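Use the sequences and the hints to build the structure in full.
Each chain is listed here by its residues.
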Amino acid sequence: MSARRTSNAIVVGAGIVGAACAEALSRDGWGVTVVDKQFASAGTTSVGMGHIVAMDDSPEQLALTELSIRLWRELAPELDARSELDRCGTLWLAEDAEQFGAVGEKQRVYAAAGIASEVLSGDDVARVEPNLRPGLAGALLVPGDSVVYPPGATLRLLELARARGAVLREGVEAIELIDRGVRCATDTLHADVVVNAAGAAAPSLTPELPIVPRKGHLAITDRYPKFCHHQLVELGYLASAHKMTTESVAFNVQPRSTGQVLIGSSRELVGWDASLNERLLGEMLDRAVELMPALRDLSIIRCWTGFRPATPDKLPLIGAWTPIDGLYVAAGHEGLGITTSLGTARLIADAVAGRASPIEAAPFSPMRVVSSAAEPGHA
Amino acid sequence: MSDARLEVLVNGKRVEVEPGTTVAAALLNVRVPSFRTSVRGDPRAPVCGMGVCYECRATIDGVAHQRACLRVVEPGMRIDTGSGR
Chain Y
1 MSARRTSNAI VVGAGIVGAA CAEALSRDGW GVTVVDKQFA SAGTTSVGMG
51 HIVAMDDSPE QLALTELSIR LWRELAPELD ARSELDRCGT LWLAEDAEQF
101 GAVGEKQRVY AAAGIASEVL SGDDVARVEP NLRPGLAGAL LVPGDSVVYP
151 PGATLRLLEL ARARGAVLRE GVEAIELIDR GVRCATDTLH ADVVVNAAGA
201 AAPSLTPELP IVPRKGHLAI TDRYPKFCHH QLVELGYLAS AHKMTTESVA
251 FNVQPRSTGQ VLIGSSRELV GWDASLNERL LGEMLDRAVE LMPALRDLSI
301 IRCWTGFRPA TPDKLPLIGA WTPIDGLYVA AGHEGLGITT SLGTARLIAD
351 AVAGRASPIE AAPFSPMRVV SSAAEPGHA
Chain A
1 MSDARLEVLV NGKRVEVEPG TTVAAALLNV RVPSFRTSVR GDPRAPVCGM
51 GVCYECRATI DGVAHQRACL RVVEPGMRID TGSGR
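Those protein sequence lines, which keep their order, are chains Y and A. With my numbering, the residue at position 69 of the first sequence is 69, and numbering never jumps. With my numbering, the residue at position 29 of the second sequence is 29, and numbering never jumps.
Since the hints were made in silico from the structure, they are not lab data. Quick caveat: nothing in here was measured; it's all calculated off a predicted structure. From the three backbone atoms N, C-alpha and C, an ideal C-beta is built for every residue, glycine too. Be aware that a few hints might be false.
What the hints assert, rightly or not - Keeping only pairs whose Cα atoms sit at most 25 Å apart, straight-line, the calculated SDA-like set for lysine to any residue is:
hint : chain 1 : residue 1 : chain 2 : residue 2
1    : Y       : K37       : A       : C53
2    : Y       : K226      : A       : Y54
3    : Y       : K314      : Y       : G259
4    : Y       : K226      : A       : G41
5    : Y       : K226      : A       : S38
6    : Y       : K226      : A       : V63
7    : Y       : K226      : A       : D61
8    : Y       : K226      : A       : T59
9    : Y       : K314      : A       : Q66
10   : Y       : K314      : Y       : K226
11   : Y       : K106      : A       : R44
12   : Y       : K37       : Y       : D325
13   : Y       : K226      : A       : V10
14   : Y       : K226      : A       : V72
15   : Y       : K226      : A       : G49
16   : Y       : K226      : A       : A45
17   : A       : K13       : A       : V72
18   : Y       : K37       : A       : V39
19   : Y       : K314      : A       : G82
20   : Y       : K226      : A       : G62
21   : Y       : K226      : A       : V39
22   : Y       : K226      : A       : E55
As the list claims (entries may be wrong) - Calculated Cβ distances over 12 Å to all of chain Y for the following chain A residues:
hint : residue
23   : L6
24   : L9
25   : G12
26   : E18
27   : G20
28   : T21
29   : A25
30   : N29
31   : V30
32   : P33
33   : S34
34   : G49
35   : E74
36   : G76
Said to hold, decoys possible - Cβ-to-Cβ under 10 Å is the rule here; a few derived chain A residues that face chain Y:
hint : residue
37   : T22
38   : V39
39   : Y54
Rendered as structure tokens:
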């Protein structure tokens with residue numbers, strides 16, 4: 001067009017991952033345009049829990065969550081009331097001696113990654129969370145974890161990007177990703193860099209991405225301030241999250257800053273069927289009441305479902321997609337997208353700038369899905 | 001209308017009300033300033049009076065979020081209003 005040589009970037013998807021990428025790229029001086037077929041935070045971002053959590057499912061996941069938690073801490077002064085940042089910490093609950101026996105190892109793994117934690121006895125747990133059922137074996141407290149309201153944080157990230165000149169175009173559907181550009185329904189946009197941050201819908205633009213919607217249910221209660229004080233997760237949660245079984249439930253309860261209690265979690269592979277599965281929702285709530293009997297007396301005001309963008313190897317797809325010039329992928333975060341949005345944005349900003357990242361970026365490369373498909377026996 | 005009044009406790013104060021009155025009506029009769037407080041701290045009071053709007057919630061006998069318009073007063077009932085929940 002003209003001699004203008006500001007490097008431009010297009011981010012497809014205005015969920016929290018796209019918003020974080022827009023924020024990071026605009027901070028590096030990129031001229032950023034964010035397009036979303038609906039509106040900011042319309043997809044998975046608005047239906048999740050907003051738990052910012054260090055997760056040790058794999059060393060790579062732990063590295064990315066640890067980096068992200070550091071970045072959330074740096075971002076905290078820039079967040080506003082809408083983001084509802086609450087540094088409540090996480091209590092990983094051990095129901096029996098066997099689970100409690102594994103807590104020490106979890107603490108060592110966290111410590112090696114620079115994440116502080118504290119082992120609580122059963123009595124300690126009863127003291128800090130009296131609404132849990134009596135007789136739990138103990139817990140691991142991770143005080144550095146926190147909770148945000150994801151749509152609020154997403155709007156704030158976009159606001160920070162827009163203050164540096166980024167443009168948000170809502171209601172603009174990307175149809176095709178082309179070399180250094182995006183063909184939209186109305187026009188074709190050109191840029192040096194394009195980021196596919198379309199979440200669970202990312203494969204509609206990059207069909208090779210093995211992302212599937214993994215449905216979850218959540219229920220939220222009316223306001224009962226001080227009913228619980230930490231994000232409460234059963235240690236068995238990782239097993240539920242890790243296994244790609246057709247369905248599972250796990251105890252995951254979160255205090256909101258409004259005084260509401262958010263209750264999860266379920267996992268299902270049923271395509272894009274968003275209807276409430278009342279049987280599974282019932283199992284999820286039964287599990288919640290089993291560990292927290294007082295929940296029975298609270299009134300639930302809303303239940304809903306959402307779709308986690310899940311990958312087969314449980315790691316997000318972050319980095320250059322080399323078959324298309326200038327294209328990067330930032331998608332497939334399953335249930336950790338709120339936490340890892342900031343780490344993802346950091347990896348993307350580093351990759352487009354040719355900088356080294358604070359953590360090893362290679363394990364997240366989306367190109368792994370192509371190379372593993374090419375290996376004999378993995379057809 | 002019966003002459004027999006019954007006594008309830010509104011925010012710890014003894015109040016005489018007509019038997020058969022809903023809690024919402026009883027609270028309006030004693031002119032409580034607010035049934036509850038919204039997330040943003042605004043005072044709330046009944047709108048629909050038929051259990052739909054949920055604006056009249058009060059804590060009754062220690063149970064939070066009871067719709068005052070759907071409950072009938074009982075002798076000795078403890079009704080608490082204006083809390084942040």
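- Taking the numbered hints from earlier one at a time, note which ones the structure violates and give those numbers from smallest to largest. 1, 3, 9, 10, 11, 14, 15, 18, 19 and 37
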